[in-house]
Amino acid sequence: MKKRLVVYPAIFDDNGNTPGVYSVEFPDVPEALTYGNGMAEALKRAPEALGLSLYEQKKLPTPSDFNQLKRSNPNVTINLITVDLEQIKSQAKIKNTMF
Numbered sequence: 001m002k003k004r005l006v007v008y009p010a011i012f013d014d015n016g017n018t019p020g021v022y023s024v025e026f027p028d029v030p031e032a033l034t035y036g037n038g039m040a041e042a043l044k045r046a047p048e049a050l051g052l053s054l055y056e057q058k059k060l061p062t063p064s065d066f067n068q069l070k071r072s073n074p075n076v077t078i079n080l081i082t083v084d085l086e087q088i089k090s091q092a093k094i095k096n097t098m099f
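In terms of our numbering, the sequence shown opens at residue 1 and continues consecutively.
No lab work stands behind these hints, which were simulated from the structure alone.
Since the model is a prediction, treat every value here as computed from it, not as a measurement.
Straight-line Cα separation of at most 27 Å, DSS-like style, residue types lysine-lysine; simulated pairs: (1) K89 with K2; (2) K44 with K3; (3) K89 with K58; (4) K59 with K2.
Build the full structure now, drawing on both the sequences and the hints.
Written out as structure tokens, the structure reads:
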């Protein structure tokens, strides 16, 4: 299967949440939102949220500069999230045929 890898920075923020719960948002893809009970779960969920928001888009948004995001958001964690849009697309098709 051909790959279509994309990389976007994500903001992981546990401020204002229940302790240990991280909200995840992508500044360049505002519809891609998720959360996790702990950083590990948030990191696991982030690629799916990103992929499901992007896999059908013809023109992808330009990713923000990672270092600039870190400088302008000092109280949160910024991570780069990689996702294969072809894999997300094939998984979405399988799920759609199951119902």
